[in-house]
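Asker: Taken in sequence, the protein lines are chains A and B. Residues in the first sequence are numbered consecutively from 324, following my numbering. Residues in the second sequence are numbered consecutively from 9, following my numbering.
Heads up, a few of these hints could be off.
What the hints assert, rightly or not - These stretches of chain A come out as covered by chain B in the derived footprint (C-beta under 8 Å, 3 or more residues):
{"id": "1", "region": "495-503"}
{"id": "2", "region": "510-522"}
{"id": "3", "region": "534-544"}
Claimed, not checked - Pulled a few chain B residues facing chain A out of the computed Cβ check, cut under 10 Å:
{"id": "4", "residue": "Cys202"}
{"id": "5", "residue": "Leu209"}
{"id": "6", "residue": "Ala211"}
{"id": "7", "residue": "Arg406"}
{"id": "8", "residue": "Ala469"}
{"id": "9", "residue": "Thr486"}
{"id": "10", "residue": "Gln488"}
{"id": "11", "residue": "Leu490"}
{"id": "12", "residue": "Tyr491"}
{"id": "13", "residue": "Ser546"}
{"id": "14", "residue": "Ala557"}
{"id": "15", "residue": "Ala564"}
Hints in this document: simulated from the structure, not taken from any laboratory. Even for Gly, the Cβ is constructed at its ideal location relative to N, Cα and C.
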Amino acid sequence: MTPKLHRRLLFRHLGSAVGGYFLIPRVTAQQSRVRPAVKNIVFVFLSGGISQVDTFDLKVGSWTPRNFDPTPFRGVQFPRGLMPVLSQRLDDIVLVRSVRAWAEEHTLARQWLQIGRNPATPDARLSPHIGSVIASELAPQNPDAPLPAYACLNAVAGSIPGEGFLPASNAPFLVSQTKGDGLAITMHPEGKGRYTRRAALLARMETPDTRQVIETEASYQKSAQSLLFNSKIDAAFTIPPADQERYGRSAFGNACAVARNLLSSKLGPRFIQINFGDWDHHGNIYAPGALDAANPTSMARQLDSGLSNLILDLKTSGVLNDTLVLAIGEFGRTVGPLSPAQGRDHWLLQSALVAGGGIRGGRAMGSTDDTGGRMRESGWRLDREIRHEDLEATLYWALGIDWTKAIVNPALGGRYLYVPGSDRQEYAPVQDLWG
Amino acid sequence: MSSLRLAVGWVLLALAAPAQPTNFIDEEIQAAWKSANAKPAPRSTDAQFLRRIYLDLTGRIPTPEEARAFLGSSSPSKRGDVVDKLLESEWFADRWAQWFADLGRVSHNVQRGYTGRNAFYNWIRNAVRSRMPLSDLAAGIVASQGNNYDDAAGAVNFTLVQIPSGPPQDLADAIFARTASTFLGMGHYDCLLCHDGRGHLDALSLWASRSTRLDAWKMSAFFTRVAYQRIGTANNYFDSNIVSDSTSGAYRLNTGYGNRPARAPVGGAAIVPPAYRTGGELPKYENWRREFAQDMVRDPMFARNFANRLWLQMMGTALVEPVDALDPDRLDPAKPPPSPWALQASHPKLLDKLAARLVEMNFDLRAFLRLIALSSTYQLNSEYSGAWRPEYERLYVRHRARRMEAEAIHDAVVIATGVLPAYRIRTTAGYLPERVHWANQFPGPLSGDEMEPPEAEFFDAFFPGDRSLQPRSESGSTRQQLYLMNSPFVNNRLRMESSPTLQRAAALKRDEDIASFLFLTFLSRPPNQVELAAAVESLKKSARGKREAIEDLAWACVNKLEFIVNP
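Bound-form chain A, shown alone (with noise of 0.2 Å):
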């Protein structure tokens, strides 16, 4: 959603901001620390782009609403009243305010993030989810999982970058709405007696058939078959009231939820991408539905209930040093005073947060000037603002994953680098996460 008001900025904006996408200084990026060990990342997509000064980069000024409850935190300022939950696991989390978008426009940005790389250039002519990537790494160690490694929850379908150029097999496990009811498409809705007469049927009326097109179906279908009344599966989404409650009673506190149990369940899923959006507060930012530290059910406080509880049950199941946890939005929002429309508009500059994975927590990383608009202390080793291309080469380092590498894109002919200029040394894992 794109007011008409700031479009000329916007374009002024994107000119300057893709710009600068050559002229991105080389810096020698050594790899002096000791790879994390990482077994699965939780990537949680604010989609529409969060305001990071009411959130992970709080800068208090005339606007900011009393409930806020602003509580210092390490040097910088912590909304504890719009994320009570969350100030409860500070010590768990980094947030990372040094973060630079390169668009500002929804499309492009959204692709940008999820793809590693510039959209718009032809070297990324169908590029694979960086979910898909790592499926493609991963799954291997893993061939008996009933579910793909790579899986979207609350997703609609078609929204999200898929697998591109990658064999489908690393293309993303949708469940669009998780109710916390179990796995809906595991079911047959006649239920499980008709189910097994249908399939008796459908066996005894087989007949041959050696097509090539027929025999990769069939191993489809027998995986298919293998999942349905799956007791483990329907385990992993099934939510009780009690956990539905501490999650928010939300969709996306239930997606939280499902992606504790996936990843102590070793059903599949190592990349697990969760929706939750729309964060695009161009009016009315602090309304109810929205930013609002009063009402349980505002979008910051689903967000506070939902990811505060992930962290705190995979630290207490013991997992959260193998799961690096990512929340961030495509760009950030403006600064300062709200718009006349009461909201606030596209900025490049942004803030992430970052759990798990061994990571040095209960810190900021990076900081920004008064008003938060411009960077001020990178906080990292490279010394400029982090790129969606950084965290992308984290993501694959701290799994393992040679984030140098390059593969053939069959569709270019040519090669593709899982992060782009890395023959370059223009980006690099953001160990300093890590200490």
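Here the structure of chain A is known, so what remains is to put chain B in place on it, guided by the hints.
Answerer: The following block gives chain B in isolation, referenced to the frame of chain A:
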């Protein structure tokens, strides 16, 4: 006469006819078989041909009446007759409008809006319906002007690829690169717009390895006079764009920012005048895009591109792959490239002849598809009984069976069950008054406002692609099979009270007839001996009544692996 005996009779009749060459396609392919000592499959059965030709020409499976009529006919010309009938049908226009919509990347985006998407689609569908030659269709798209919301000017949406970012040269490059790939199959121009071919494309394309960034700029220069005017008034044209051509503008070599590397003067020249790759003369007219369009349709690559792409759609395997990486220096069989390069096409003379024939036919889509459909090569069986070798794929020793496209699968479920969905199609301001029932008539990838779960989930599982980053794919997946088994989209249509098909089945007296009817409806063929026996037993012995047994049999038909296959 029982359905089974009919079936056996038809099969014997179909297999009796040997694969006689009917046109130059067969001559070329059969010569290749001979050289490779490859044994071809026999002719397709009537049932295979029936389902295949309906899907390829109209994107939908035949009704049981159509199936029965074709399979039961003993006319020696029945295959040709059904080809002609389908080429003239409204469904043909719908299906091939989708093919062109894929090619032109018709979709909603920030620049086009929903109304622009719809206008683009309508323009294409009208062009196909009115039998516009492909040359006029392509030229019409490239040189189009007008308001992108108007159906009559819908083709301008081709240039509205994304919000312009960076310098104007980037926009010209983006439009030109898309044009070259789409209409000439020359996707390497996109690479050349960043750098010379040498040092980058040496292993991929002989032509590109010899071409320079300057060569690409000369072509891109034709697109430097495109002008957009965005309309911001609050009426039905809100947020539309008027696309026109100005009389000034040039490709200047003076950029230091944007989506492509810096552009600096070459040999002292700071401006690149437009020069078409096959001519090199300066444009005679003021409208550069129109000039480009005229040169483009006369370019030998234009005909080769379409011949290759249309062949791919019908045959399942292209003569040159990838279809947008054609190499002009390796396609002429009379001018083979120097070693170690080889001619690019798997059958260079065939591609040449197909391209020539397309030109002779004045780019008549229906005539060209008819040529392919009537060949013995197209009509081969998709089962291969001998020992298969990977090189046989390019030899077309059998027809390649493949998974149906998402639209065809969606529509097959709808046709077979008789339960129509009714999608509301967005416009920028609201919704179109008429609902759409068929995926074959979607104006573009539908948004969440237009198609919600469970339909959207079912549809998306079959990888229709979004005409942007996500390609269309014929891959199978576990998820697809789950949806065929369990999704509400399918199962809600397999209830006696909802489905006219199941009600018709229930009105039949004999169980053999019920089984035949359901097989003809879902699978376009009668059941074989094993299937018939199992189906009849299930119908007779169902403890829960015939109604439930019929529903179960229909479900089994949907979940038979061939239901989603184009044979």
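Asker: To test your reading of the hints: which numbers does this structure violate?
Answerer: Violated hints: none; all satisfied.
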